[in-house]
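Undergrad: One-letter residues, chain by chain:
There are 2 protein chains.
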Amino acid sequence: MDERKILLLIFDGLGDRPLKELGHKTPLESTPKPNLDWFAANGINGLLDPIGPGIVAGSDTSHLALFGYDPKEVYTGRGPFEAAGVGIDQKPGDVAFRGNFATVDEDMRITDRRAGRIRDGTEELAKALDGLRLGRIRATVRAGTEHRVAIVLRGRGLSHKVTDTDPHEGGAEVLDSEPLEPGAKTTAKAVNAFTKQAYRVLKAHPVNKARAAKEEPPANIIVLRGAGVYPDLTPFPERYKLSAAGIAGVALIRGMFRAVGIDSIDVPGATGGLDTDMIAKADAALKALETHDLVILHVKAPDLCGHDGKASEKIRVIERLDAMMGHLKSKLSSDLVLAITADHSTPVAIKEHSGDPVPLTIFGEGVRVDEVLNFDERSVARGDLGRLRGQDLMNLLLDVSNRATKYGA
Amino acid sequence: MDERKILLLIFDGLGDRPLKELGHKTPLESTPKPNLDWFAANGINGLLDPIGPGIVAGSDTSHLALFGYDPKEVYTGRGPFEAAGVGIDQKPGDVAFRGNFATVDEDMRITDRRAGRIRDGTEELAKALDGLRLGRIRATVRAGTEHRVAIVLRGRGLSHKVTDTDPHEGGAEVLDSEPLEPGAKTTAKAVNAFTKQAYRVLKAHPVNKARAAKEEPPANIIVLRGAGVYPDLTPFPERYKLSAAGIAGVALIRGMFRAVGIDSIDVPGATGGLDTDMIAKADAALKALETHDLVILHVKAPDLCGHDGKASEKIRVIERLDAMMGHLKSKLSSDLVLAITADHSTPVAIKEHSGDPVPLTIFGEGVRVDEVLNFDERSVARGDLGRLRGQDLMNLLLDVSNRATKYGA
Numbered sequence: 001m002d003e004r005k006i007l008l009l010i011f012d013g014l015g016d017r018p019l020k021e022l023g024h025k026t027p028l029e030s031t032p033k034p035n036l037d038w039f040a041a042n043g044i045n046g047l048l049d050p051i052g053p054g055i056v057a058g059s060d061t062s063h064l065a066l067f068g069y070d071p072k073e074v075y076t077g078r079g080p081f082e083a084a085g086v087g088i089d090q091k092p093g094d095v096a097f098r099g100n101f102a103t104v105d106e107d108m109r110i111t112d113r114r115a116g117r118i119r120d121g122t123e124e125l126a127k128a129l130d131g132l133r134l135g136r137i138r139a140t141v142r143a144g145t146e147h148r149v150a151i152v153l154r155g156r157g158l159s160h161k162v163t164d165t166d167p168h169e170g171g172a173e174v175l176d177s178e179p180l181e182p183g184a185k186t187t188a189k190a191v192n193a194f195t196k197q198a199y200r201v202l203k204a205h206p207v208n209k210a211r212a213a214k215e216e217p218p219a220n221i222i223v224l225r226g227a228g229v230y231p232d233l234t235p236f237p238e239r240y241k242l243s244a245a246g247i248a249g250v251a252l253i254r255g256m257f258r259a260v261g262i263d264s265i266d267v268p269g270a271t272g273g274l275d276t277d278m279i280a281k282a283d284a285a286l287k288a289l290e291t292h293d294l295v296i297l298h299v300k301a302p303d304l305c306g307h308d309g310k311a312s313e314k315i316r317v318i319e320r321l322d323a324m325m326g327h328l329k330s331k332l333s334s335d336l337v338l339a340i341t342a343d344h345s346t347p348v349a350i351k352e353h354s355g356d357p358v359p360l361t362i363f364g365e366g367v368r369v370d371e372v373l374n375f376d377e378r379s380v381a382r383g384d385l386g387r388l389r390g391q392d393l394m395n396l397l398l399d400v401s402n403r404a405t406k407y408g409a
Numbered sequence: 001m002d003e004r005k006i007l008l009l010i011f012d013g014l015g016d017r018p019l020k021e022l023g024h025k026t027p028l029e030s031t032p033k034p035n036l037d038w039f040a041a042n043g044i045n046g047l048l049d050p051i052g053p054g055i056v057a058g059s060d061t062s063h064l065a066l067f068g069y070d071p072k073e074v075y076t077g078r079g080p081f082e083a084a085g086v087g088i089d090q091k092p093g094d095v096a097f098r099g100n101f102a103t104v105d106e107d108m109r110i111t112d113r114r115a116g117r118i119r120d121g122t123e124e125l126a127k128a129l130d131g132l133r134l135g136r137i138r139a140t141v142r143a144g145t146e147h148r149v150a151i152v153l154r155g156r157g158l159s160h161k162v163t164d165t166d167p168h169e170g171g172a173e174v175l176d177s178e179p180l181e182p183g184a185k186t187t188a189k190a191v192n193a194f195t196k197q198a199y200r201v202l203k204a205h206p207v208n209k210a211r212a213a214k215e216e217p218p219a220n221i222i223v224l225r226g227a228g229v230y231p232d233l234t235p236f237p238e239r240y241k242l243s244a245a246g247i248a249g250v251a252l253i254r255g256m257f258r259a260v261g262i263d264s265i266d267v268p269g270a271t272g273g274l275d276t277d278m279i280a281k282a283d284a285a286l287k288a289l290e291t292h293d294l295v296i297l298h299v300k301a302p303d304l305c306g307h308d309g310k311a312s313e314k315i316r317v318i319e320r321l322d323a324m325m326g327h328l329k330s331k332l333s334s335d336l337v338l339a340i341t342a343d344h345s346t347p348v349a350i351k352e353h354s355g356d357p358v359p360l361t362i363f364g365e366g367v368r369v370d371e372v373l374n375f376d377e378r379s380v381a382r383g384d385l386g387r388l389r390g391q392d393l394m395n396l397l398l399d400v401s402n403r404a405t406k407y408g409a
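Chains as they are written, first to last, in my numbering: chain B, 1 to 409; chain L, 1 to 409.
Check each hint, because a few of them may be wrong.
Heads up, the list lumps identical chains together, so a pair's fine if it works in one copy or across two of them.
[Unchecked claim] EDC-like mimics (lysine to aspartate or glutamate), calculated; alpha carbons at most 16 angstroms apart, straight line:
| # | residue 1 | residue 2 |
| --- | --- | --- |
| 1 | K310 | D283 |
| 2 | K203 | D112 |
| 3 | K196 | E215 |
| 4 | K20 | E215 |
| 5 | K196 | E216 |
| 6 | K310 | E21 |
| 7 | K25 | E216 |
| 8 | K20 | E365 |
| 9 | K196 | D130 |
| 10 | K20 | D399 |
Rather than coming from a laboratory, the hints here were simulated on the basis of the structure.
Let the hints inform the model, and build the full structure from the sequences given.
TA: Encoded structure:
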């Protein structure tokens, strides 16, 4: 029984609902996509509920489930994955937040939630705060893309059960973090101390003095949200007895790779945006397959079009995904298992994630090829995989690649 | 993202099995029903296992599951829901029973399990027992329809783990309630004290003297069954962030509405019997949708025909349900999500509930309309919803109505 290599493609937010403007078809159903269809026609197909039927998944909970972990057991918040995504090393028990550099006036009222979408100088600003002591707690601070930043608190007795300091709207005051349980008082206190110290340090920082001189809004505060405890997840090599690599442009997914022991591979041109270089990512995936048993390739673009409510852009992204699949198809080795799915639906009509299930196609020698001919929401619903859950995916892939361990004897 | 209103139709016991006398079709498959079919043809369809594949659901456990609660966690017996259905306020920890007014001779042997299907005077009889003290325990007693009655015990250390006093057959003696676990001794003692005191009070009651004068069997005892603890269920408005109303003729379902924070609406003509006024119920549902986010309309009639083993009557009921759907169809607003399902199958051939799954159709803007054309057991089995569970239903409806909360970020 030869073990095969696995290439898993996750197209973020790909699933959709029928749209009036597309003649009651979904973007996938409206796009000519010969290569995606080729994999569906030569593979086995079905629908996947990332968490469960009707449940609206976040990108974080969904990827945990696709990776085989039970989010109900291990997920507390998005912070730890964002922090891992910008390269902060964490230990189980650390509490992490995602945050924004923002602009406040002297009354701590937010005048710009993204500090004028600041790009330059955030690394220096983060460095000025990195290592800050908040009583017995130490804060690690690292800048992400644009105004984004991640904070990790380390110390005894920390809890993620604290409220955000981000009021989630401009014009409002920065909030005090409140403990949501008695054991979270220390954490809330540390968070509020962080807010004050960050303000003091940031407002006097040369980067902000330079911004003021150019009449740009200063990045003089950090507002936090998404508190979570870094989970203790058995890493892929130990859990699945395979080496794994991941390619993603966005920090969250790179952080999720790191949290489960998947090597995150940097690809020049992989931006996590609509301008991402899909062919470069595909080539990097093929290269990574030379050294790894499983490679995961994540593309954020379809989700962005869903959130923007733009059907025509989603269609263009699907055309480009299809071109990438054509490129992959021409270079695949015959002993590969390839799977195509999404982490959730982001319907153009609602501009948000929805609980509608996503297509799943599995292609490779030995799969029970079904009669489905097209890779879209309704065609795959009639496929032989039926309706499955995100947490089933890794088991299916291990099985088809002849890597599964027998349960029982 | 516009939130939509939801109308959920639950047709009790609607599912069935193929019958020889119907040419190996089910009653649903044998009935012309253009309106039900219209919703199936313009919606997405599937099969629902109320609890799980092959599991024969009661009406109580099934409705708990359809409402999104796990019966394995919250269900102990039918009593609390029957008691809520006749309007008894309960607190978590109360133990409730459903019961019959019955007739016993001087040896406590039952000569009529329904006291001659007594109709008049049961309210006075219940009132004579209401508030009875049984040591430190207090009994609330309220009459239901005909010979039916509900009893709630309140006090410290009560348990539902006691046996029935109802021997479930005429000619047998009223049973002593026995504790099924050591902690249930107090409860069993209270139940047995209730039996004795009820007999003493009832046999001397003017209602029974008058019945004796007319040579009608006296309602001189109450026999109990279905002990259960009133569960502590998070009510709908808190659990699902919506206001909900329910319309049902039968006490059990009205009680289940009350137990989960669904406003139970009285509709003149809604009897819970074959004579129920379905059009009046449909109009009441449309009216309730003006003030509530979710309205549940329950019709008992198909279940009654199943229990009676009468295919022709079940077909007539389905024709009337279809007329009701036609009435609803002509008055629906375009922003509504409508779902049609059943709580379980009650096949005519077996005159009891069965574990066969029931049809589910979901209709509304944005659903992935499938190729199913008919609302019946075998047609919907090929629908794109696939095979789901009762506990998935609320999540599906919240998703389609754009009311779901994201799990994760």
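Undergrad: Checked against the structure, which of the hints given earlier come out wrong?
TA: 1, 3, 4, 5, 7, 10
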